[in-house]
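So the sequence lines, in the order shown, correspond to chains A, B and C.
Per the numbering used here, the first sequence starts with residue 1287, numbered consecutively.
Per the numbering used here, the second sequence starts with residue 3, numbered consecutively.
Per the numbering used here, the third sequence starts with residue 1398, numbered consecutively.
Everything labelled a hint here was simulated from the structure, so no lab data went into it.
Please note that the accuracy of each hint is not assured.
[Unchecked claim] Facing chain B, from chain A, some residues (calculated, C-beta under 7 Å):
#1 Glu1344
#2 Leu1354
#3 Ala1361
#4 Lys1496
Remember, predicted model here, so these are calculated numbers, not experimental data.
The C-beta atom is built at its ideal place from N, Cα and C for all residues, glycine as well.
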Amino acid sequence: MTTATTRQLLDGCSAITESAIAAGCRFFAGYPISPFTGLLESMSRRLPEAGGHCLNAESEIEAVNMALGAAAAGARAATGSCGQGLALMQEAIAELALNELPLVIFNMARNQQDYFQATRGGGWGDYRTLTLAPKDVPEAVEHTQLLFHLADRYRAPVMLYGDPFIAQTHVSVDVAARDLGPLPAKDWALDGSTGGTGRSRQIWTWAMGKATEPGPGPDGHWRAVAAKFDGIAAMEARSETYRADDAETLVVAFGSAALFVEHVVDELRADGHRVGLFRPVTLWPFPADDLAAATRNARRVLVFELNAGQMLDDVRQFTHDRAAVHFIGGVSIHASGLSFGPLLDVAPIRERILEAAE
Amino acid sequence: MTEAAPRLVARDRPELILGDHGLCPGCGEPVALRILLEVLEELGIVERSIGVVGHGCYGSFVQIMDVEVLQCLHGRAPSCATGIKRVRPAAVVFTMQGDGDMVNEGLQEVLHTAARGENVTCILLNNGVFGDTGGHQTATTVVGQRTKTSLDGRDPETHGYPIPVAELVASLAGVSYVARGAVSTAGGVARTKRMLRSAFEHQLAGDGFGLVEILTMCPTGWFVPAGSGPEYLSGSLEAAYPLGELPLRGQP
Amino acid sequence: MSRGTVSIDVERCKGCDLCVQACPPKVLEMSTEVNGMGYRFPVLHDGCTGCTACQLVCPDYVFQVYRFDAAPGEEDASGTPSATPPGEGRPSATPPGEGRSSGTAPGGRPPGRAPASGG
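All chains should be modelled from the sequences, with the hints used to inform the complete structure.
Here is the structure:
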């Protein structure tokens, strides 16, 4: 007797699409940019079949503002891009945060050079962007549904930090809908119905309310939003360790880089080295307490990321003086400019860990 | 002899206006707001309406209009309106934007939304100046018009030419109604109100994109006395922006 | 005689003068006094037709406009002369409503003003 399965062999973009649809996403807008384009293509194909709308917008700015409108009207909405396109979306991401609107942003990044962009944000005002960095397609599928849930729970834009391997690798995944618990009704969402009642809904970053019912204004509202992000920081940090309990050398890596480091850890352990991996799953909030625990007994902390040193700042800050922190990563870009370069490989990673451990 | 009974023929303002605005003496924007809300009331669509308001002096109308509103980023209202209308097709969705908002920052957004034939109504309050920032040149400032960034008057050699966005929109397929009115005279106000009504009727019929451009007085931004707004408007803006319903040239 | 009248919320007025310019029979004139904001405001003289031009152009929503309908047995107000010659003691109706002033001058009283409302 066979049982029906929701497992499918899918490339990452298609898998994320199915997971988003399972989560109830019914509006997507995007602009082609590699390696995000596959997500726009699969959404274009599948979202109308699921009763939703997918718009190939005329610019990234239009895409994110269309999605903002859909979110304001109460839909589960998403957009995405990478690096340069996300740079164009920064104003709107801040606007979403300060408007307290939920949106899932799929950052199918070309490399790991946009850690600062994701975690510090280039928009205006006091806001943060909850960012999950999956290490592979199955985790990206899981994160997708979690992100739609968290976006609605906290009424904020949230981000998935993907990469070219996650976007394009085919993996067998289960894209069934997951029940992540109840959420409050979106009674703040615009549908026209409170027009003429004297209490018509208003979505405004300055939150000044109506003449008949003044709101908290920018001071009160922005303080409340900042406090909300403080609360998210306290509740939503996530991380994973791999063979780190007795590690003398702790390597910190995120995303696909962490997958490679896991493999190298196994090789080095087989040779008798006490090395382990600490993997931030949320880039923001950075899992500071977990890192503190993981570095308690380490002599050295090695940061491996494919950039000039961005997560390095967070690792240094949160390791304090418990252990020496060294950077073993670097900028390493494929000749096409669209993917990782030769540093993302077992041999160079192994070599750099051993060199730092001497 | 009996006294004739007075019959109210025109209210000061609809109940949808919740309070006083703080805009300048002689500003045309509050007139545009009033006729817009009167039209929504008369069409019986207030409880379906969602406005997307940009940034400008009119931005403060968000506090006094008793209609659901999303206040959005400068220039982006047509994109936000697209998202709202796609997920709530039964809503009546309109934008309210100034010339700086729509024709400077947001020219791409309004043209693409029009060409896509989104079933929304965009309303342009055009006074040829960035009033809210203190009186600076926009893409619709007319040749010869003085602003703080065109102190000797807009000069084509240095500042180029104004952009007639209504004519651009009217050249696109996907558009169902484009009109330009002015609130500088009583007749103009009445005609502009009829234009707004027609535009919303097109949205209700699902015909595609509509744009109503409303020339408004900005005596402060024009450096003229409050009472000289209408005269300046008819002498300067109307020459560059002819009034009336525009023929739609983009139909296949 | 007046076929119509208006009530004028003088405290809302910002003295822009657009109503004076728009009025076809030219029965509005700016006051010499000022309101709480320091602006002069319109005063109504006889001859209003209730055409609503002032209400249409006013940016501050100052005007409510009324027309006089004929009482039973009389000619209606749309153009037929009344039985009473103009200026002979027939008061212009003061429409109801607090905080408002009619610009007309019934029975020799000077144009009224809305009581100071502190708003």
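Indices of hints not satisfied (ascending): Violated hints: none at all, because every hint is consistent with the structure.
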